[in-house]
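Listed here are the chains, written in short residue letters.
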Amino acid sequence: VTLAPGLRKLVFTAHVVSSVGWLGAIAAFLALAVASLTSDRAETVRAAYLAMELMGWSVLVPLAVASLLTGLVQSLGTHWGLFRHYWVLFKLLINVVATILLLIYTQTLETLSDTARESDHVLRSASPALHAVAALLLLLVATTLAVYKPRGLTPYGQRKQREGIS
Amino acid sequence: VSYKSEEREKTPRWVKVFGVIAAVVIVLLAVLLIVGGGHGPSRHGSSLAAGVTMPR
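As they're listed, the protein sequences go chains A and B.
Per the numbering used here, the very first residue in the first sequence carries number 150; after that it's consecutive.
Per the numbering used here, the very first residue in the second sequence carries number -15; after that it's consecutive.
No lab work stands behind these hints: they were computed from the structure.
Because the structure is a prediction, the values reported are computed rather than measured.
Idealized CB from N, CA, C, for every residue including glycine.
Wrong hints could be hidden among the right ones.
[Unchecked claim] Derived CB-CB ranges, DEER-like: (1) A:V214 - B:L16: 23 to 31 Å; (2) A:V166 - B:W(-2): 35 to 43 Å; (3) A:V183 - B:V19: 37 to 45 Å; (4) B:L16 - A:T255: 31 to 39 Å; (5) B:L12 - A:T293: 54 to 62 Å; (6) B:K(-6) - A:I253: 14 to 22 Å.
[To be verified] Quick list of in silico lysine-lysine cross-link-like pairs, DSS-like style, CA-CA up to 25 Å: (7) A:K298 - A:K309; (8) B:K(-6) - A:K309; (9) A:K158 - B:K0; (10) B:K(-6) - A:K158; (11) A:K158 - A:K298.
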């Protein structure tokens, strides 16, 4: 399936916006996570946990899913394919792993948020900051791969290329 | 045009480096999960109990 040029650009724009937006949203999430660890004001710490849970479901998950779906359409609808180039394959793996981990982690955010909302004491956890740093690193690698597009065909990509030439 | 050569391209060095790094990270995470007794809200919940508290 090959996308028409206009549609291809639209999907590409959506993919860049959602992917880079996801990266930026994690940076904002990290700022909240650091505030929850370092602030000496209970209100700030409590608000940070509530905001992180809200961000998880309303910003991070939609952007992650949008990035994954637009990436799939973009790959399958162009000559790049999904399994032909190593850089596309690595990006796909990073995106799938990061999205699954995020979906699982929303449960932790819910637990932290519930505790902050209901407990008389605000409990600090380094977990959100650690996960945000890991996510930032993963998405920075994915963004770098997308920009540099390092050479290298997978065995499947080489076979497809030979079939195309002969 | 016929393409008779069945020679495969060598796997690029960056792919090997990425593969090794990914494998090391996965093994490290697996060890952490096994040593730390799993992952998920319950684990974070237990670590929370030992965390710093602050009165409302």
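Verification of the supplied hints:
no., hint, result
1, A:V214 - B:L16: 23 to 31 Å, "holds (27 Å)"
2, A:V166 - B:W(-2): 35 to 43 Å, "violated (27 Å)"
3, A:V183 - B:V19: 37 to 45 Å, "violated (26 Å)"
4, B:L16 - A:T255: 31 to 39 Å, "violated (21 Å)"
5, B:L12 - A:T293: 54 to 62 Å, "violated (22 Å)"
6, B:K(-6) - A:I253: 14 to 22 Å, "violated (37 Å)"
7, A:K298 - A:K309, "holds (19 Å)"
8, B:K(-6) - A:K309, "holds (16 Å)"
9, A:K158 - B:K0, "violated (32 Å)"
10, B:K(-6) - A:K158, "violated (33 Å)"
11, A:K158 - A:K298, "holds (18 Å)"
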